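Q: Sequence:
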Amino acid sequence: MPAKKRYALRTTHNRRSGATVNDALFLHRTIRTGNEAYNEAARFWTKIFGINFALGVVTGIPMEFQVGTNWAQFSRLTGGVIGQPLAMEGTFSFFLESAFLGLFLYGEKRLGKWGHWWAGFLVLLGSWLSGFFIIVTDAWMQHPVAYTRLPNGGFSVSSFWGLLTNPWALIQYAHNMSGAVVTGAFVMAGVGAFYLLQQKFVEHARIFLGVGIVAGIAASLWQVFPSGDLHGKYMARNQPVTAAAMEGLFKSQTGAPIVILGQPDEEHQRIDNPIIVNKVLSFLVYGTTTAEVQGLNEFPKDQWPTNIPLLYFSYHVMVGLGTIFVAVMALAAFLLWRRKLFASPWMLWIILLCVPFPYIANTAGWLTAEVGRQPWLVYGLLRTNQGYSTNVIAGNSMFTLLGYMGLYLVLGILFLFLIQREIGQGPALAAPVDVRSGAPITTT
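In the numbering used here, the protein residues as written are 9 to 452.
Some hints here could point you the wrong way.
What the hints assert, rightly or not - Here are the simulated distance ranges between beta carbons:
id	residue 1	residue 2	range
1	Gln-394	Gln-433	49 to 57 Å
2	Val-400	Leu-119	45 to 53 Å
3	Asn-160	Thr-408	27 to 35 Å
4	Glu-300	Phe-233	21 to 29 Å
5	Thr-296	Gly-110	49 to 57 Å
6	Thr-296	Thr-398	45 to 53 Å
7	Phe-103	Pro-159	30 to 38 Å
Hint data in this document are derived by calculation from the structure and do not stem from the laboratory.
In this text, all values refer to a predicted model and were calculated from it rather than measured experimentally.
Just so you know, even glycine gets a beta-carbon here, dropped at the ideal spot from N, CA and C.
Model the full assembly from the supplied sequences, consistent with the hints where possible.
A: What follows is the structure, encoded as structure tokens:
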């Protein structure tokens with residue numbers, strides 16, 4: 009998993025794409041209602057976004073070197089294709105995001121309400137464009153389209169529009185970005201629940217919970233249907249061996265069941281202790297309970313994913329948590345509608361305790377995608393063992409890997425400290441700062 013290490017980390021552990029949506033909503037509500045609490049909420053979450061953005065930059069730069077040093081053959085052969093969307097991500101998305109982030113953070117008084125809102129919208133646009141170009145890159149590795157094979161074995165783009173409109177990219181983008189919104193929604197609702205349980209910043213807490221739950225239930229449902237459903241169907245048709253491994257389907261079956269729980273036994277090619285629902289897998293993939301679903305036995309073993317248990321469990325963790333998210337957000341939305349949520353500590357505790365799990369679900373989703381693509385770097389065209397740097401020995405790779413892990417550990421601790429500090433201070437203290445003097449601006 010070469011280049012995607014960087015993108016998976018950024019997409020999974022930076023909730024900024026979800027946060028920018030909520031920031032734009034807060035600013036719009038401020039303009040429409042004149043309620044300063046929404047403006048304070050926007051300032052608070054903008055600071056949280058800024059911390060996430062900084063961490064994304066600092067962790068992303070070293071990963072560029074990891075790709076260049078450890079995966080030289082991959083870079084040489086595929087650079088003519090993946091270099092183009094990645095260049096657009098850096099040139100357009102990153103600079104758009106970074107240029108207007110400063111105005112968004114510090115230019116409120118200078119820009120006015122609508123100017124500040126537009127700065128926030130452009131940060132949102134840059135963040136979501138960044139996600140799109142990253143997904144385009146990964147989608148080409150999963151489902152290569154619009155390319156020409158060169159005499160030296162490399163690849164070049166035959167249609168840039170075809171590359172951008174890769175069906176896999178469009179489906180994966182919808183699924184991935186709704187996952188970002190789910191993450192942002194749970195974090196926002198969790199912070200609101202924390203404040204309400206502590207009886208601090210009560211007005212802001214109610215806003216956080218309301219916005220987080222509405223965004224969360226919409227995005228959670230979208231994750232399951234249609235985006236998750238479309239993604240699963242498309243994978244079953246274009247990567248049937250991966251789909252079979254995800255479901256633990258070792259033998260082709262007519263009216264194939266779906267496995268809710270169980271342990272894959274690759275040696276004996278079976279699922280141990282299965283809990284199944286008959287014929288559901290055939291229905292989900294082909295829309296009929298009598299369809300045959302291909303099993304792993306239909307494919308040569310050298311095309312099987314290299315770590316079937318990891319793929320199987322990652323997929324089931326993702327799906328299981330996604331189902332739980334729908335249930336939690338639906339219950340929270342019902343209580344919010346009945347005006348009972350703010351007086352239900354048990355529900356607030358559930359929301360608060362759920363905060364880490366969208367990160368786990370997103371990580372499991374990326375593991376499903378990248379482990380499922382193995383043994384290919386570019387599916388069906390370039391194997392993983394053809395892409396690494398031949399002049400880098402294993403010991404050197406391990407040494408640098410441990411160094412990067414140490415760096416990320418330190419950055420992770422710093423990130424948690426900064427986030428904890430901002431949450432401890434609360435939204436009411438997140439006042440704007442004068443651009444010239446750096447002094448806090450007091451509002452009357």
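Q: With reference to the structure, classify each hint as holding or not holding.
A: Hints, one by one, checked against the model:
1. Distance hint check for Gln-394 and Gln-433: the Cβ-Cβ separation is about 52 Å, which falls inside the suggested range of 49 to 57 Å.
2. The hinted range of 45 to 53 Å is satisfied by Val-400 and Leu-119, whose Cβ atoms lie roughly 49 Å apart.
3. Between Asn-160 and Thr-408, the C-beta spacing of about 28 Å keeps the proposed range 27 to 35 Å intact.
4. Here the CB-CB span from Glu-300 to Phe-233 is close to 24 Å, well matched to the stated 21 to 29 Å.
5. At roughly 55 Å, the beta-carbon separation of Thr-296 and Gly-110 lies within the given 49 to 57 Å, and the hint holds.
6. Remark: the range hint 45 to 53 Å for Thr-296 to Thr-398 is upheld by a beta-carbon distance near 49 Å.
7. Separation of Phe-103 from Pro-159 is about 36 Å and conforms to the stated range, judged on CB atoms against 30 to 38 Å.
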